[in-house]
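A.B. asks: Residue strings, one per chain:
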Amino acid sequence: MIETLAGFAIFLALALIRVPMAFAMGIVGFGGVAYMLSFNAASSMIGQITYETGMSYTLSVIPLFILMGNFVVRARLSDEIYHAAYCFLGHRRGGLAMSTIVASAGFGAICGSSIATAATFSKVSYPSMRRYGYADALAAGSIAAGGTLGILIPPSVIMVIYGILTETSVGKLFIAGILPGIAGTVLLCLAVRWMVWRDPAAGPPAEPHPWAERWASLRHVWPMIGLFVLVIGGIYVGAFTATEGAGIGAGGAFLFALWRRALTWRVLFEILVESARTTSMLFMILIGALMFASFINYTTMPADLKDFVTLFKDMPFLVVVAICVIYVVLGSAMEELSMILLTVPLFFPVVTGLGYDPVWFGVVIVIVVQIGLVSPPVGMNIFVVKNLLRNVDIVTVFRGVTPFMVALIALMALVVAFPPIATWLPGFMK
Amino acid sequence: MGFGDKPFALFDRAVEPALGAVSAVVLFGMMALTCTDVIGRYFFNQPIYGAFEITEMLLALLIFAGLPLVTLRNDHVTVDVLDPVTPGWLLRLQHAAACAVAFVSTGYLAWRLWLRADTLLGAGETTAQLKFKLAWLTYAMSLLMALTAIAFLILAFRPAQRAAQSDGSASQGLGP
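Chains A and B, in that order, give the protein sequences. Take any residue in the first sequence, count from 1 to its spot, add 190: that is its number in the numbering used here. Take any residue in the second sequence, count from 1 to its spot, add 6: that is its number in the numbering used here.
A couple of the hints might just be wrong.
Computed list of chain B residues with no C-beta within reach of chain A, every gap over 12 Å [claimed, not checked]:
#1 Gln-52
#2 Gly-130
#3 Ile-160
Where chain A lies over chain B, by a calculated footprint (3+ residues, C-beta under 8 Å) [to be verified]:
#4 63 to 70
#5 98 to 106
No lab work stands behind these hints: they were computed from the structure. Note that the Cβ used here is the ideal one computed from N, Cα and C, for glycine as well.
Just need the whole structure built from these sequences, with the hints factored in.
C.D. replies: Structure (structure tokens):
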């Protein structure tokens with residue numbers, strides 16, 4: 191117990207002198223294991239973890255999905271998805287903001303990054319919302335919140351990381367994200383409705399499109415729908431592993447970008463190196479986190495927590511609610527990835543010990559991260575949007591994002607209260 | 007350009023593009039390999055022999071070749087919420103300390119990987135199907151980790167940057 195708290199304190203001190211997260215976690219993990227066992231044990235353990243993480247077949251899903259997302263971002267598909275959503279929803283009050291959310295969800299179905307999704311739609315949908323006189327708060331809020339759907343709707347980088355940390359099937363996690371993703375899209379759209387109900391001037395309707403044009407707008411979107419169905423469907427029916435699905439997805443997105451003439455040799459090189467860099471960065475963090483987790487596993491903390499929680503074993507629901515509250519509070523102050531990596535080794539055994547499904551908990555964790563990404567003051571998506579929309583001040587973004595944050599909290603409550611939303615679909619997988 | 011600048015310039019002009027090229031080729035290769043393997047398996051009943059192992063080895067190469075690149079661009083995830091209120095002198099001190107800590111860590115990891123490679127070489131460990139000597143790959147991992155340590159050293163001599171404004175551009179926008 192004491193050694194764990196000391197570990198967290200040292201981690202915090204290192205992080206605050208700006209030691210990169212990966213090293214702060216790795217060093218504390220190393221020091222901790224050296225203290226609990228021996229220096230030699232820690233040395234061979236860090237060597238082992240680095241070597242095995244580097245050569246893990248399951249992990250090759252990460253660079254391939256990142257690559258797929260980068261191809262899609264460069265292929266400028268976002269414009270078409272947005273246009274299609276706009277044709278169907280634009281004539282409603284707040285319709286452009288709802289289009290942003292629906293388009294973000296569609297984009298998230300091929301891109302596993304919430305930041306990339308928010309950045310993309312800051313460029314794609316903000317100009318048209320501005321043209322139609324949308325309030326900045328509504329525009330910025332819908333972009334920041336819509337972006338978070340990128341990590342809930344498969345593929346998702348956060349799900350892969352959770353899967354690796356807890357040895358949960360990445361394929362099942364992906365499938366489990368589909369229904370909550372749809373529910374999340376609906377809830378965020380309801381938040382838009384609420385905002386325009388409060389202030390009808392915030393989101394004036396655009397002129398309606400004839401049905402012929404609406405159907406025509408879908409024409410440009412179907413290749414990507416096809417790719418999604420191929421990749422996620424293939425993983426679902428077990429035609430291929432998550433890694434193979436990611437490879438096929440990246441290959442398909444590559445061909446798609448070629449077909450759209452979005453690639454020059456130079457752009458291709460940039461996309462590849464960019465994806466490689468993101469991969470390396472994530473792996474360094476993962477190695478640090480795995481070392482940290484091994485230290486935690488040698489401490490009495492997980493057992494202590496479990497003992498403590500058995501006091502509540504008649505009300506497991508209460509424990510889950512408590513964990514969710516802790517996460518929402520932590521998420522507003524911490525960088526989300528490190529939050530997950532630091533806390534999942536502690537909470538996962540507790541939650542699964544209470545009989546909850548690891549896949550379900552993974553989905554809850556992803557929603558928690560979504561909430562963290564849009565919660566003031568340090569939500570990542572808020573800053574992405576703020577920095578791209580230079581004329582919008584930060585307080586406006588905070589104000590705009592709050593109803594969406596409430597909607598995401600409602601989504602979390604929904605998934606916590608009705609676990610089948612997450613577990614029903616993956617239940618059919620082998 | 008002073009005497010001490012030369013090796014730094016060399017790193018920027020030679021090592022960075024070389025590693026960029028390596029990681030680009032490796033990643034594209036990984037994608038092509040997976041696609042060919044799956045297509046071969048379903049349509050021609052002929053998967054690629056050892057595809058699983060090649061993917062693993064390519065992944066290791068990809069990650070370790072990318073690390074010096076991440077480091078040189080100062081792209082490691084860092085807690086920077088306090089940056090706007092940190093005075094300049096403290097920021098410089100933090101930067102130096104953080105680089106030193108990371109330099110020691112990566113240097114130590116490089117050394118551990120080298121020892122592991124020695125062991126693998128001695129034991130003659132190979133991959134199961136293709137009989138590729140794992141020691142060579144591990145030596146490569148160790149050398150790339152050593153390059154990362156050098157990159158941290160170079161970074162230490164560069165001015166400390168405040169929290170990069172995340173504008174969702176290429177380097178920042180595509181993380182989780």
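A.B. asks: Confirm or reject each hint.
C.D. replies: How the hints compare with the structure:
Interface exclusion of B:Gln-52 from chain A stands, the closest Cβ pair being 15 Å apart, more than 12 Å. Residue-level check passed: B:Gly-130 sits 17 Å from the nearest beta carbon of chain A, beyond 12 Å. For B:Ile-160, the shortest C-beta to C-beta distance to chain A comes to about 15 Å, beyond the 12 Å cut-off, and the non-interface label holds. Figure legend: the stretch 63 to 70 of chain B, annotated as covered by chain A; annotation consistent (7 residues with Cβ-Cβ distances under 8 Å, at least 3 required).
Chain A is given as covering the stretch 98 to 106 of chain B, and this holds because 4 residues of the stretch bring a CB closer than 8 Å to a CB of that chain, at least three being needed.
Hint compliance for this structure: every hint is met.
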